[in-house]
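There are 4 protein chains.
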Amino acid sequence: MCGIIGIHNHPEAATLAYLGLHGLQHRGQESAGMVTVKDSGLQCHHAMGLVADIFSQDVIDRLQANHAIGHVRYSTYGESHIKNCQPFLVNSMLGSMAVAHNGNLVNATEIQKKLEEDGAIFQSTMDTEVIVHLMAKSRKKKFIDRLKESLCQVEGAFSLLFLTKKKMIAVRDPSGFRPLVMGKKKDSWIVASETTALDLIGAKFVREIEPGEIVVFENGDYKSYRLAENLPKRSHCIFEYVYFAKPDSHIFHRDVYEVRKGFGQMLAKESQVDGDIVVPVPDSGVPAAIGYAQESGIPFEMGLVRNHYVGRTFIEPEQSIRHFGVKLKLGAVKNIIEGKRVVLIDDSIVRGTTSKKIVRMLRDAGAKEIHMRISSPPTKWPCFYGIDTPTRSELIAAKKSIKEIRNYIGVDSLKYLSVDSLYWFEKQSQREWFCDACFTGKYPVGSDVISNLI
Amino acid sequence: MCGIIGIHNHPEAATLAYLGLHGLQHRGQESAGMVTVKDSGLQCHHAMGLVADIFSQDVIDRLQANHAIGHVRYSTYGESHIKNCQPFLVNSMLGSMAVAHNGNLVNATEIQKKLEEDGAIFQSTMDTEVIVHLMAKSRKKKFIDRLKESLCQVEGAFSLLFLTKKKMIAVRDPSGFRPLVMGKKKDSWIVASETTALDLIGAKFVREIEPGEIVVFENGDYKSYRLAENLPKRSHCIFEYVYFAKPDSHIFHRDVYEVRKGFGQMLAKESQVDGDIVVPVPDSGVPAAIGYAQESGIPFEMGLVRNHYVGRTFIEPEQSIRHFGVKLKLGAVKNIIEGKRVVLIDDSIVRGTTSKKIVRMLRDAGAKEIHMRISSPPTKWPCFYGIDTPTRSELIAAKKSIKEIRNYIGVDSLKYLSVDSLYWFEKQSQREWFCDACFTGKYPVGSDVISNLI
Amino acid sequence: MCGIIGIHNHPEAATLAYLGLHGLQHRGQESAGMVTVKDSGLQCHHAMGLVADIFSQDVIDRLQANHAIGHVRYSTYGESHIKNCQPFLVNSMLGSMAVAHNGNLVNATEIQKKLEEDGAIFQSTMDTEVIVHLMAKSRKKKFIDRLKESLCQVEGAFSLLFLTKKKMIAVRDPSGFRPLVMGKKKDSWIVASETTALDLIGAKFVREIEPGEIVVFENGDYKSYRLAENLPKRSHCIFEYVYFAKPDSHIFHRDVYEVRKGFGQMLAKESQVDGDIVVPVPDSGVPAAIGYAQESGIPFEMGLVRNHYVGRTFIEPEQSIRHFGVKLKLGAVKNIIEGKRVVLIDDSIVRGTTSKKIVRMLRDAGAKEIHMRISSPPTKWPCFYGIDTPTRSELIAAKKSIKEIRNYIGVDSLKYLSVDSLYWFEKQSQREWFCDACFTGKYPVGSDVISNLI
Amino acid sequence: MCGIIGIHNHPEAATLAYLGLHGLQHRGQESAGMVTVKDSGLQCHHAMGLVADIFSQDVIDRLQANHAIGHVRYSTYGESHIKNCQPFLVNSMLGSMAVAHNGNLVNATEIQKKLEEDGAIFQSTMDTEVIVHLMAKSRKKKFIDRLKESLCQVEGAFSLLFLTKKKMIAVRDPSGFRPLVMGKKKDSWIVASETTALDLIGAKFVREIEPGEIVVFENGDYKSYRLAENLPKRSHCIFEYVYFAKPDSHIFHRDVYEVRKGFGQMLAKESQVDGDIVVPVPDSGVPAAIGYAQESGIPFEMGLVRNHYVGRTFIEPEQSIRHFGVKLKLGAVKNIIEGKRVVLIDDSIVRGTTSKKIVRMLRDAGAKEIHMRISSPPTKWPCFYGIDTPTRSELIAAKKSIKEIRNYIGVDSLKYLSVDSLYWFEKQSQREWFCDACFTGKYPVGSDVISNLI
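Chains as they are written, first to last, in numbering that gives the first Met the number 0: chain C, 0 to 453; chain R, 0 to 453; chain W, 0 to 453; chain F, 0 to 453.
Worth double-checking, as some hints may not be accurate.
Because identical chains share one entry, a pair is satisfied inside a single copy or across any pair of copies.
To be verified - Computed list of lysine-lysine pairs in DSBU-like fashion (alpha-carbon distance at most 30 Å, straight line):
hint, residue 1, residue 2
1, K37, K139
2, K113, K139
3, K203, K37
4, K112, K141
5, K184, K356
6, K356, K185
7, K328, K183
8, K183, K356
9, K399, K356
10, K165, K112
11, K203, K185
12, K441, K232
13, K141, K113
14, K140, K112
15, K147, K113
16, K367, K399
17, K203, K165
18, K112, K82
19, K37, K184
20, K355, K185
21, K166, K82
22, K333, K222
23, K141, K37
24, K165, K183
25, K113, K140
Calculated directly from the structure, the hints in this document are not laboratory data.
Start from the sequences and build out the full structure, keeping to the hints where you can.
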């Protein structure tokens, strides 16, 4: 997954972009980068690691400018390598141009193959590079026409930010898979993956960039274009609500926390159980657990405590410690757990290995019964639109029945949220505005390509 | 504040000490260090920074041994400098010896002056150094006698771990200000500031080291001694329960989470208010907020969301952003807050500046009313036993009335927990086993020295 | 300037390439990189800085393979940026391919413009990128034919190493501007910019790669091809002999030390002076000074001593120290200099600022007279074939007469070597096999493009 | 070995001390440190590594002050550890005080034992710590008297710099083993191990600090004291001339380069040989080789070229390369060496392993004969006064006859300089003013202690 931020027309654009990236750090912790516009051209800095480690005051001072775009990344397509850091900066007929991309193109490999046959060279292993090639190759005269022509050839998810010497351009794919919002801070315009980044830099949320919309910022103002006359139905990623987006963000016209809490309430309605306490897996399970507790009347307790100083690489003892990996992140509150029937709430189960360790930790702490409740349906299908889910064979719900998963994880009962209840916040007719392929296998875009990949 | 860990008789003592320090990281983030026993003598590594950054696999491999003690530090006495990193390693008549200290000595300056007059040189600015000098100067023959003689001269808080070529010694001051627990992992013994470190390394909690107890570990076994025949009354630090200890720890014979949740319940009883939601300041306010919500029946909501990627130094824009400092750490969930009467729960107010920013953030998010409830009494007095509170003049409650604080912070109402309710968990007769000087100004030890310092 | 190394068919190719780069470090200290072939594809590591800092044992272990190419760089064309580090790694119709380049293309800008018009995108600012584009665009079927077709379109200096999954290819431009040598170590083949790298890794020098030769290494063997039927005359860079190559290298069929010492001998013949001692500017002036001393009979003395621990960035005092910059690098031996008529030998004068400082340092040390002798003709013209000389306006000899330079530098006399004497080692007929454009302004290749740039 | 620098009364004392340390880097590359005086007290920074890496502009800015002392270290006594970095900073009755030490105390262990028995604790493993203890323990009232009393108890080599809040004090042991010079730069005074540091910072050499002299700098002026009434004879370290000091330094009243060149001339007189070329082992053998060449009339050639980018740790191939270690540092110039009778000049032979590798490298380059000439007598005895020579058992000349060494190294002939010729520069009567214990075993100070150690 990735996060993007763009600042147009602010004297401290580099500083704001830096802070914005910090606010989007939860969307990607592998690398980060920024490109700004100076009189001398586009300036770039990117590196592997966290935003706070990559950008020093020196670097920000060197990049400082009126316009900037930035990117945080967790690799979904393309290896983990400095060459794949974004924003992606190239020179072509169009002059210097940088692009930052959140999402995933389904037909990138096909297009790359054709472009290579036509003599193109590829320097990264990112799907984003094909977009730039298509634009450079287009015979259209205007930038906007080249952009449209190129983006109409790619299929998949793309929330994009372009930066040229004069303009910043924001684009969101017609399906609107990934969020993309627009804000204002005095005379400057901000575009970001989530509203939490706007809040952090003190910008006011204006509106979402519409699916299929192109917004061109220039000289402190903007114009809006439509990617094509006929746009397909929307397909917002339901998993942004389930897990990905930050709970204090407002995307797809709703507050994430509220939707997530509703999942918990629906889950309580569907899968009530006689429990003594409701315990979330922190932090992602917290809002649903609060919803579950409120709906069920079972007391909410933070029976698992998160460790805030988890380093990224860890030295393990050779004589392994029971459920070591989870212990670094979580601790169990014994008095709370001991002798209790615990309703354990998590947002999803991917491979099942972590859940298994958490359950053992609760058993060691003396839990009498553990009833696991998942605030989304079973994750059975990989995502091809930007979320870094593992292959089908690694998804436990793709291979095992719920009963088998229950046994594997070692809980007394296990229930998932139904797909229907997922849409509690939406009129039934608008359910189809969401992509829930990870739960249903119904891929709204590029399904022919995808069927060959699964 | 500091945290200490000791491993006796485990082939991977360095690895376990490293993990233990990681589990105690919340007790000190300024520096960390470790000393282990090799045939060649005591080996040492310490540096400024976080445990995960200081110890690489290489370093751990080099230090690997059967016995180890470690230390994390946030300076309370002595400057922030590499010379003040612990464990403190010296050579003397007693051979090589390392010591790790959690706590603060009240009469260190007086003793240092006397020792200097007698020709001693001091290389650190830590109070711990006087203990080592006293031991080296003692005319007693046995280590244990030197230790007793020396520790009987110092006043204040000390949970100590010594390491020599043959022994590991754990000591807790007679007042038992700071926690110190003992655990077992197969044939090895573990001593740690809190039980959370035992849990992390898979050790079983055995018991607390008693106030005034000396435990000498040697050859896989231990012997217990008494620091003196007559010991003063206990004075456990109540602030460990209020804020400092990790909620999943068990110290002073109780689970921290449970005590802290009880503070919230008592607070609800004492200072009920007509609110729509109970919102904690995460993470420290969470257990009390849960208690408050359960007692009052007002729904608990995570209306403030914590950012998990806060770097330590931050690049600020010159054009300042409203309540910037807090925004880096917290985001408000608008839909939850908007139009609501918020009962805001925090564990304490020190200077009041952060609370003020949080309140403004909630107002910006649309809170209709904000009723702040603090799960401890007003913090009016500095700590001289190891907690790094500011001087009296910086403590807002030492200078302002509650009404003035309310106005300063900008809330509709403000209530603190009463000192009486603080001891909800204890028979009235045992209240005196705790030190609550930060709330009451009653310093149980060294009050004559302290009266000159305030 | 740059240096390149290639290892074909050695189980420790990464280690050897690393050591080879170390041996070529004098050819570029700005960045270094390496690409190796693993079953999984081409692996790359590069960074800004020195070889010894960039490659740790971990990195080498990760890269370890049977084939490797490496590069050290000091920017001549293209900015100083991580994007411009080499080897340059791309994917295209030809699969994955890496290229390392020493030299400079004269017509890169023209070709890039055409390629961009045709839809190509450029990600670096290096001339090397056009070669890769031309190869990808070629309609030829075989790799070797694409290579020939592409390289026939570029003008300038190029010693190149390509690495694909199966082959390593070495190419030297028809003029043979830059050196490129081939060596053998048991069953493995080594290609390097200079023989000093072969010596370092214990490889035997086999022969130079010929100007206009393509050598394809595959399966432990090699085949030689000719870039074109008709090749222009050779144009070896005389400045490699004057300054650039390491004195213990053997290039262009001669030992560098010997040629350089001969420059000193010719200089003594041409510009004898009544001096007491011959003093070189270390280290580059040493061989010529030895030659001068032997020819003239004036004693050679190391009157200037080099400091071996010069860091790259230096903290300067605000109250400036006389000729500070030079003092960091050199110290004068007073007793040797005092009262003496010093014949000061350097290889060349570029801007003149350093020479001026050295002269003042010698005056301060008490030199009675200073007669500067330069072991090459005045450097009047910039290099377009790979040496990072400044623009004409910065070359002191392009703007000032020798007399004016003498006054500027502050010496009693100043003489340069004549262009004729430069070729002391060569039959007169073969003088034309060298490029001496920096001294004569006669650019052997691309003179039409160059005339527009000067 | 170590180097020390002190700056008294200069507004950029930290910058000058930094530069001075840089100029003394050849005296110690293991660690470096600096202490400066601020109003707030003494400020300290030290770390393992090279001066240029340890001190950033930030650090220098933080330390900037009017007075500063600095130290570079290569461990001679005490382990290689951050605790042993100097200057050594302590608090005692005397207030805050820092000390930097070049040299070695012979009776430190004895004194430390006594001090420990008396209750002292030692935190470093450096002999310097005993001096500070003695001063703290002294019953004298005045600083100068404490200093005298303390230093009269220690035996060995000590060039010392003390820094207190008001004063800088320079002391040189009565034997004057190590050099220590005084310079002036406008209103500020500089003390340094060698004059090369004065030259670098633009200070004028004033005079040497005399053996047994104490110089107290205060308020921009200084007073000189005598350590004791009766001082022993001088014992300047002859090895400073042979190898240690920088050739452009002036110490013990002579230019190092000149003395060293004289060694070469004497060597030529004593051990003439029929050679074709004289080749030094760079850089230490250069001045003697120049002397040898001038005296013998055999041409001087730089047949071995030094690599200027030698990193400190090096990745070695598993399949070892012939004489790998030396190849990283030196390359042979084949044409110069091939077929020649080489007179190879080095300053000394310690273990003989490096010499053996150099000789093989010359043989591989085609040398016909190799006649090794060493510009000092055989190094048979370890140094106890500050030079980090190995133990006797590792000194090849202590175990083998010259003939055996010749065979081990593999040269056609091997000759050392005689002890008599070592003193070519001195009237015979003043030979006794030097310590040549490393060659003769005659230890001028502490011989009773030393006899137990050998």
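Is it within, between, both, or neither for K203 and K185, if the alpha carbons may be no more than 30 Å apart?
Classified as within: same-chain Cα gap 9 Å, cross-chain 58 Å, threshold 30 Å.
Give the relationship of K37 and K139 under a CA distance limit of 30 Å: within one copy only, between copies only, both, or neither.
Within one copy only: 27 Å inside, 41 Å across.
Checking an output row: K166 and K82, CA cutoff 30 Å. Within, between, both or neither?
Answer is both; intra-copy 25 Å and inter-copy 23 Å each pass.
Within a copy, between copies, both or neither: where do K165 and K183 come within 30 Å Cα-Cα?
Only inside one copy: K165 and K183 sit 19 Å apart there, 54 Å across copies, limit 30 Å.
Within a copy, between copies, both or neither: which one fits K140 and K112 at a CA-CA cutoff of 30 Å?
Close inside one copy (25 Å) and across copies (17 Å); limit 30 Å.
How do K141 and K37 come out at 30 Å by Cα distance, when the copy is not named: within, between, both, or neither?
within (23 Å within a copy, 43 Å between copies)
Homomeric proximity label, K37 with K184: Cα distance no greater than 30 Å
within (21 Å within a copy, 44 Å between copies)
K112 and K141: within-copy, between-copy, both or neither at 30 Å Cα:
both (26 Å within a copy, 18 Å between copies)
Identical-chain pair category, K183 with K356, by Cα at 30 Å
between (45 Å within a copy, 22 Å between copies)
One pair to classify: K399 and K356, alpha carbons no more than 30 Å apart. Within, between, both, or neither?
within (18 Å within a copy, 49 Å between copies)
My question is about K367 and K399: at a cut-off of 30 Å on alpha-carbon distance, are they close within one copy, between copies, both, or neither?
within (26 Å within a copy, 49 Å between copies)
At 30 Å max between alpha carbons, let me know whether K333 reaches K222 within a copy, between copies, both or neither.
The answer is between: 29 Å across copies meets 30 Å, while 58 Å in one copy does not.
The structure meets every hint from the earlier list without exception.
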